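Given chain X, put chain F in place with the hints provided.
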Amino acid sequence: MTCHEFAKQVEAFTPAELSHSARAELLAHQRECTACNGLLQRKVIMLRGLQLLRSSTASLEAPVDVERNVLRAFRQGAAGSLAPELPIVPQANAFLPSRYLGWQGFAAAAAGLALCLGLGLWFLLGSGKTAGQSAQRPTASAQQPTGPSVEQPEHKVAELREVPTPAGGRRTGLTVVNPDVTSQSKAADSSGSLVQAAQAQGYTPLMLCDPLSCSGDEQVVRLELPATSADGSTASQMADVIVGDDGLVRAIRIVQQ
Amino acid sequence: MLTEQTDEQLLALAMGGDEDAFTALYRRRQGPVYRFALHMSGSPQIAEEVTQDVFVFLSQRGRDFDASRAPLSAYLFGVARNYVRRATERSYSDALRNIPAEEHADSLIADGDAVEDIARGQLSSAIWKAVLSLPEHYREVVVLCDLHESSYADAALAVGCAIGTIRSRLHRAHEMLAKKLQHSAAVTTDTSGMAARCPS
Chain X
618 MTCHEFAKQV EAFTPAELSH SARAELLAHQ RECTACNGLL QRKVIMLRGL
668 QLLRSSTASL EAPVDVERNV LRAFRQGAAG SLAPELPIVP QANAFLPSRY
718 LGWQGFAAAA AGLALCLGLG LWFLLGSGKT AGQSAQRPTA SAQQPTGPSV
768 EQPEHKVAEL REVPTPAGGR RTGLTVVNPD VTSQSKAADS SGSLVQAAQA
818 QGYTPLMLCD PLSCSGDEQV VRLELPATSA DGSTASQMAD VIVGDDGLVR
868 AIRIVQQ
Chain F
19 MLTEQTDEQL LALAMGGDED AFTALYRRRQ GPVYRFALHM SGSPQIAEEV
69 TQDVFVFLSQ RGRDFDASRA PLSAYLFGVA RNYVRRATER SYSDALRNIP
119 AEEHADSLIA DGDAVEDIAR GQLSSAIWKA VLSLPEHYRE VVVLCDLHES
169 SYADAALAVG CAIGTIRSRL HRAHEMLAKK LQHSAAVTTD TSGMAARCPS
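Protein chains in written order, with this note's numbering: chain X, 618 to 874; chain F, 19 to 218.
By construction, these hints were calculated from the structure, which means they are not laboratory data.
Incorrect hints may appear among the rest.
With a straight-line Cα cutoff of 20 Å, these simulated SDA-like cross-link-like pairs (lysine to any residue) come out [what the hints assert, rightly or not]:
1. X:Lys625 x X:Ser636
2. F:Lys198 x X:Asn654
3. X:Lys625 x F:His155
4. F:Lys198 x F:His155
Now the in silico label distances, taken between C-beta atoms and shown as ranges [as the list claims (entries may be wrong)]:
5. X:Met618 x F:Asp82: 44 to 54 Å
6. F:Glu193 x X:Thr619: 48 to 58 Å
7. F:Arg103 x X:Gly729: 50 to 60 Å
8. F:Ala180 x X:Glu628: 37 to 47 Å
9. X:Glu642 x F:Ala180: 45 to 55 Å
Sample of chain F residues lacking proximity to chain X, with all beta carbon distances greater than 10 Å (derived) [unchecked claim]:
10. Asp25
11. Phe73
12. Asp82
13. Asp84
14. Ala85
15. Ala88
16. Ser91
17. Ala92
18. Arg138
19. Pro153
20. Glu154
21. Gly178
22. Gly182
23. His192
If you're wondering where the values come from, they're calculated on a predicted model, not measured in any experiment.
From the three backbone atoms N, C-alpha and C, an ideal C-beta is built for every residue, glycine too.
Bound-form chain X, shown alone (with noise of 0.2 Å):
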């Protein structure tokens, strides 16, 4: 046996997966050569090694308490997998503000509603006068030439009078009105439908109205819009916008002039 053949043997085959003839091979070999002796004891030693501490390990397990903790999260697991055939038990909603907030979150969440309902009713107190002086705006910019002019319509009735207030007192102020539109309005209220009485008088509506919404008054404005036509000329155009009283257009309506 050659010193080659004697390695290829060691690295291939432990010693029990050897014959007998060849086990005998390799220990004459090992008695007559120190490398490949030295060799085989190297491969002893690592085996033997490798024995002695799988022997010595092999009785090692996981402490007790991991296996606690392991049911502990297989009970876990198990119950939420069998939620559902368990009783109905009251937990916490996830939407519920209390779990995201504390009393300042509260606190902070009413001082904002108090501010909220103040300004508005500061807002509903003070319509009137804004009422009056969104009024009197048709005049002061009829005398600007510049930017969107609003005019009274001329081919509507467009009546200066006196607002009864509920109170029972009155105030003055220029309001144009429509009395079409404005009684129509107030039967489409009574029917739900501002917008089919609006499309009856040639107007498309901008927005659907709910009776909620669009249950006050409506004022009929026109106004000078500037148009561009296809040849690139620019001039201007008249149109009739039907304003709520929150200032939202409800339809418009082009002029021919």
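Just chain F, lined up with the frame of chain X:
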């Protein structure tokens, strides 16, 4: 009887909410998982942590186990291998410094010649240090095949590589271990008790 059930049957029962089945499975498999983590990391703390993580994972994701792809033991070693890798990335250097074999050296001292016992203890300590100093992909095949007597096929499933790769890695790992142990204390060279190789 739960003790007669296979691992896969116990797992199926456990996934149905049977705590006794899960307990039986844990008691059957926690030792190998713990020792695997201990051999791989050299740290009893990491081994405990990994064992707990592996079985908590099994309790939560056991339904994902596919018995047609691998036996449960190989699956558990594969899960443990990932947890060990994660844990040892944090503290591998600490484990090397702690010389883990010293913690269990007493268990090596058997009745008999005191000098031989000490030599055996030294060898065990030296081999463990040598195993821990191996690169991870060599260390895991030594731990699986030599220390846990897994077959090449099971080791390949746990590691996720071909059987031929396991063979070549084990061969190379043995060469490296033999060199590391070259200067170890002289021990008995009784060849009759050599470690069995992985049954192929």
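Status of the given 44 to 54 Å range, CB of aspartate 82 (chain F) versus CB of methionine 618 (chain X): At 53 Å between Cβs, range holds.
Alanine 180 (chain F) and glutamate 628 (chain X), beta-carbon distance inside 37 to 47 Å? Since the Cβ atoms of alanine 180 (chain F) and glutamate 628 (chain X) sit about 20 Å apart, the hinted range of 37 to 47 Å is violated.
When you look at the beta carbon of alanine 92 (chain F), is every beta carbon of chain X farther off than 10 Å? Non-interface label stands for alanine 92 (chain F): nearest chain X Cβ at 19 Å, farther than 10 Å.
Least C-beta distance between glutamate 154 (chain F) and chain X, which was stated to exceed 10 Å: Holds: least Cβ distance 18 Å, greater than 10 Å.
Restraint check for lysine 198 (chain F) with histidine 155 (chain F), where alpha carbons must lie at most 20 Å apart: holds (17 Å)
Could you grab the alpha-carbon distance between lysine 625 (chain X) and histidine 155 (chain F) and see if it respects the 20 Å cut-off? Roughly 24 Å separates the two Cα atoms, so the pair is violated.
Confirm or reject: glycine 178 (chain F) is not an interface residue toward chain X, with every Cβ-Cβ distance exceeding 10 Å. The assertion about glycine 178 (chain F) holds, with a minimum of 23 Å to chain X.
Beyond 10 Å from chain X, beta-carbon-wise, is phenylalanine 73 (chain F)? Since the minimum Cβ distance to chain X is about 4 Å, phenylalanine 73 (chain F) lies within 10 Å and the statement is violated.
Starting from the range 48 to 58 Å, see whether the pair glutamate 193 (chain F) and threonine 619 (chain X) falls in it by beta-carbon distance. Violated: the Cβ-Cβ distance is about 20 Å, outside 48 to 58 Å.
Restraint status (C-alpha distance of lysine 625 (chain X) to serine 636 (chain X) at most 20 Å): holds (15 Å)
Does proline 153 (chain F) clear chain X by more than 10 Å, comparing its Cβ with all Cβ atoms of that chain? holds (17 Å)
Does aspartate 25 (chain F) clear chain X by more than 10 Å, comparing its Cβ with all Cβ atoms of that chain? holds (16 Å)
Hints 3, 6, 8, 9, 11, 18 and 23, counting from the list given before, are not met by this structure.
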